[in-house]
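Novice: Sequence:
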Amino acid sequence: MHIQDAKQRFFWLTISIVLNSAFNALTVATNMGSAVWTASAVNLSHWVTHSTDPAIASQALGIVLTVYGVIVALLDMLLIGRFDLSRLVRNILFVIPFSYLVQFIVPFWSNVIGIKYLHGDFSHPWQLLLLMTINMIGLFGVGAAVSLYQRANLIMHPNDDLSYIIRFRYLKGLATASQMLSYIPPITIMIICFVANQHQLWAVNFGTVWAFLTQGWVQGWSDKHFIPSLKHHFKTRA
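To convert, note that position 152 of the sequence shown is 152 in this note's numbering; the numbers rise steadily by one, no gaps.
Treat the hints as calculated values from the structure; they're not laboratory data. Just to be clear, a hint being listed does not mean it is correct.
[Unchecked claim] Calculated cross-link-like contacts (lysine to aspartate or glutamate; reagent style DMTMM-like; alpha-carbon spacing at most 25 Å):
1. Lys-116 to Asp-5
2. Lys-116 to Asp-223
3. Lys-224 to Asp-84
4. Lys-116 to Asp-53
5. Lys-231 to Asp-53
6. Lys-172 to Asp-84
7. Lys-116 to Asp-84
8. Lys-224 to Asp-5
9. Lys-172 to Asp-53
[Unchecked claim] Here are the computed distance ranges between Cβ atoms for each label pair:
10. Gln-8 to Pro-107: 44 to 50 Å
11. Phe-206 to Gly-173: 25 to 31 Å
12. Leu-171 to Ile-191: 20 to 26 Å
Note that the structure is a prediction, hence the values are computed from the model and not measured. Cβ coordinates follow ideal geometry from the N, Cα and C atoms, glycine included.
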């Protein structure tokens, strides 16, 4: 790897971790539906804390996202057919800052920026419309950030590495199909949480369906149009 290429990839990796954390936190703050993996983790947080209070559950979100990520990283090892310690370590190096950044940024969006004040009985239609718009912006940002660090391909969140493995090892580069297949584990977890949490779901709303249908497309679009000078380096992670 050339030094200049390595610097460029590391720079965009750093930017993508911050963007991904911030935009995931934004979708949690709107409560209009998070990306599928994040929504799954939010419901796990409620389950493990035995609480219906989002403020209490959010205190466990960082550790839940971290443990969740480690488990998925081990699943990735199964899919590539070998135990790759270097890849596992790189996945975990991504998980830890990402997980706790999400936990710490949610209160910023909710309390400092004031998104929590848009919640309520939606007596004004613009409240709901604004929340939905903010949520879609957040989900688009998540997809674009994932595209960045998949192309940088230095370290990657295990959830997105799962999609990446399916995409390039099994589906000949098809972004949308690989993204939908990778959603099977978190959707299964959400179903289990729905039963365990007395038929309640959190962070599952319009945005979750929107993310399920569009995230693969957003990543494919971002590959070509968002920092197009950054190309995929999947051969270095075969």
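Novice: Could you run down the list of hints and mark each one as holding or not?
Specialist: Hint by hint, here is what the structure shows:
With a C-alpha separation of about 42 Å, the suggested pair Lys-116 and Asp-5 falls outside the 25 Å cut-off, and the hint is violated. Between the alpha carbons of Lys-116 and Asp-223 the distance comes to roughly 33 Å, so the proposed pair goes past 25 Å and is violated. The straight-line distance between the Cα atoms of Lys-224 and Asp-84 is roughly 30 Å, outside the 25 Å bound, and the hint therefore fails. Between Lys-116 and Asp-53 the CA atoms are separated by roughly 14 Å; this keeps the pair inside 25 Å, and the hint holds.
Restraint check for Lys-231 and Asp-53: not satisfied, since their Cα atoms lie roughly 43 Å apart, outside the 25 Å limit. Distance hint between Lys-172 and Asp-84 is fulfilled; the C-alpha atoms sit about 22 Å from each other, no more than 25 Å. For the proposed pair Lys-116 and Asp-84, the alpha carbon gap of about 43 Å is over 25 Å, so the pair is violated. Only pairs whose Cα atoms come within 25 Å are accepted, and Lys-224 paired with Asp-5 is accepted, the gap being roughly 18 Å.
Restraint check for Lys-172 and Asp-53: not satisfied, since their Cα atoms lie roughly 43 Å apart, outside the 25 Å limit. For the hinted restraint 44 to 50 Å between Gln-8 and Pro-107, the CB-CB distance of approximately 33 Å leaves it violated. Phe-206 and Gly-173 have their C-beta atoms about 29 Å apart, which keeps the hinted 25 to 31 Å range intact. With their beta carbons about 24 Å apart, Leu-171 and Ile-191 fall inside the hinted range of 20 to 26 Å.
Taken one by one, the earlier hints fail for this structure at numbers 1, 2, 3, 5, 7, 9 and 10, listed in ascending order.
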